[in-house]
Each structure stands twice: as structure tokens, then as C-alpha cells.
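First to last, the protein sequences are chains A and B.
According to our numbering, the first sequence is numbered sequentially starting from 1110.
According to our numbering, the second sequence is numbered sequentially starting from 650.
Note that these hints are calculated values from the structure, not bench results.
Positions of the beta carbon are idealized from the N, C-alpha and C atoms, including for glycine.
All clues stand as given, with none of them false.
Here are the computed lysine-lysine pairs in the BS3-like style, where the Cα-Cα straight-line distance is at most 30 Å:
{"hint": "1", "chain 1": "B", "residue 1": "Lys-680", "chain 2": "A", "residue 2": "Lys-1114"}
{"hint": "2", "chain 1": "A", "residue 1": "Lys-1180", "chain 2": "B", "residue 2": "Lys-680"}
{"hint": "3", "chain 1": "B", "residue 1": "Lys-706", "chain 2": "B", "residue 2": "Lys-680"}
{"hint": "4", "chain 1": "A", "residue 1": "Lys-1180", "chain 2": "A", "residue 2": "Lys-1114"}
{"hint": "5", "chain 1": "A", "residue 1": "Lys-1163", "chain 2": "B", "residue 2": "Lys-680"}
{"hint": "6", "chain 1": "A", "residue 1": "Lys-1114", "chain 2": "B", "residue 2": "Lys-706"}
What follows is a list of derived Cβ distance ranges for each label pair:
{"hint": "7", "chain 1": "B", "residue 1": "Met-690", "chain 2": "A", "residue 2": "Ser-1161", "range": "18 to 28 Å"}
{"hint": "8", "chain 1": "A", "residue 1": "Ser-1161", "chain 2": "B", "residue 2": "Thr-664", "range": "40 to 50 Å"}
{"hint": "9", "chain 1": "B", "residue 1": "Pro-732", "chain 2": "A", "residue 2": "Ala-1179", "range": "38 to 48 Å"}
{"hint": "10", "chain 1": "B", "residue 1": "Gly-665", "chain 2": "A", "residue 2": "Lys-1220", "range": "39 to 49 Å"}
{"hint": "11", "chain 1": "A", "residue 1": "Ile-1127", "chain 2": "B", "residue 2": "Gly-665", "range": "48 to 58 Å"}
{"hint": "12", "chain 1": "A", "residue 1": "Leu-1120", "chain 2": "B", "residue 2": "Arg-658", "range": "20 to 30 Å"}
{"hint": "13", "chain 1": "A", "residue 1": "Ser-1119", "chain 2": "B", "residue 2": "Lys-706", "range": "27 to 37 Å"}
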Amino acid sequence: DQQVKQNSPSLSVQEGRISILNCDYTNSMFDYFLWYKKYPAEGPTFLISISSIKDKNEDGRFTVFLNKSAKHLSLHIVPSQPGDSAVYFCAASVDNNNDMRFGAGTRLTVKP
Amino acid sequence: EADIYQTPRYLVIGTGKKITLECSQTMGHDKMYWYQQDPGMELHLIHYSYGVNSTEKGDLSSESTVSRIRTEHFPLTLESARPSHTSQYLCASSSFGATDTQYFGPGTRLTVL
Chain A
1110 DQQVKQNSPS
1120 LSVQEGRISI
1130 LNCDYTNSMF
1140 DYFLWYKKYP
1150 AEGPTFLISI
1160 SSIKDKNEDG
1170 RFTVFLNKSA
1180 KHLSLHIVPS
1190 QPGDSAVYFC
1200 AASVDNNNDM
1210 RFGAGTRLTV
1220 KP
Chain B
650 EADIYQTPRY
660 LVIGTGKKIT
670 LECSQTMGHD
680 KMYWYQQDPG
690 MELHLIHYSY
700 GVNSTEKGDL
710 SSESTVSRIR
720 TEHFPLTLES
730 ARPSHTSQYL
740 CASSSFGATD
750 TQYFGPGTRL
760 TVL
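Model the full assembly from the supplied sequences, consistent with the hints where possible.
This is how it looks when you write it as C-alpha cells:
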């Protein structure tokens, strides 16, 4: 069963605008959430994370928001840059165990 | 920057061949993982290891096997490759700690004809 879902397979935004990538999860036991970015022919690279005790974490242009009641998290990129074009994966885990679940990814295209 | 390496990056082989996908990390991480990913799909954990001589199966059933004789090395072996094994294989590692940030290698894209 897919416990982490990214329902938008693709997203296209204009350079300089905000990109919002969404992720939903079903397992209320998840307590740690991560976003990874993946370029073609490369492995995923860690981008930003958030613990369930927080509802927001910011790192430069990247902000992750967590809504535990809705079991929803989102990644905001502002301003978006062409170099941000990649596939973004949402991931979640329980109590730092090995069973990290990944979404299917959203392909972001930032147009110049 | 993560120092985790996978070889080969691309492999095309015939059915029935035995193959080993290599994964090495220089970060001293105890935990290592193998994921399988098909295009447009989520990553599925197929094997993981807590440390030397520790190997466990992940949530996705796989006909592959792994070994962990050294901390830095976590090879994956397919005894007899089949077309259904065609996929991308991603290796990752992480340290024991409060957070579970996994660092990924570049992946091996395997095609079995």
C-alpha cells in the first residue's frame, strides 16, 4: 500500500514565481518527513526535512510546511529558478527506523 | 556532499547471467540500503543493513541478495538475472542518530534482455 502520495506527477512554473509541491500520507505514526531532489541520471539528494513536532522548517529558498491533522506536507520554493527543475520526492519515516516510505515524485519544470 | 558510489552506472546483460552491483560509502555510516525504482514510481526498499554482518529484507520482495562484510561496502547480487529485474537500483547510507537522512548514490540502471 502506498503510504506516501504525491498526486501531481508534474508541475510547471515561471522563473521567479513560487513552486508548491504537495505530499499526503496515510500513516499517522510518521514523525519525520524529508524532501529529496533528483536530477536525471543521478541519485536523490537530500533537500530539507521536518520533524512532527514542528509545522514549518525553512532553509533559504526552501520551506517545508507540515499539517499533521490533514496528514499533508508541502514544499515551497521561492523564487523558483531554472536550476530547480528536477523530480522532487517526499519521504516519511517512523521513529527513525529503516522503513522510510517515498512518494512517486513530482517533476518540476521552471521556465526561464 | 555525500560520498557514496555505485558501479556500474549502466548495465545491459542477457537473461540468466549473475551480476553484482557495487555500492561503497566513505562516510563511515553504519546503515546502508538498497532501493529499486521504476520510472514514475516510488522508491521501494529491498534490503538494508545496520552494520557489518547485518542484512535485512525490505518491504519489496526481491530475488537479490546482499552482504555486509565491511562497513563501507554493501554489494547486491542477482544470481540469475531476468527481464523483470530491469529497473534502477539506488544505494543509500545513513548514520545512527536523531534523524534519518539517507544519502544516495547515483544509481545503477539495469536492463536485462
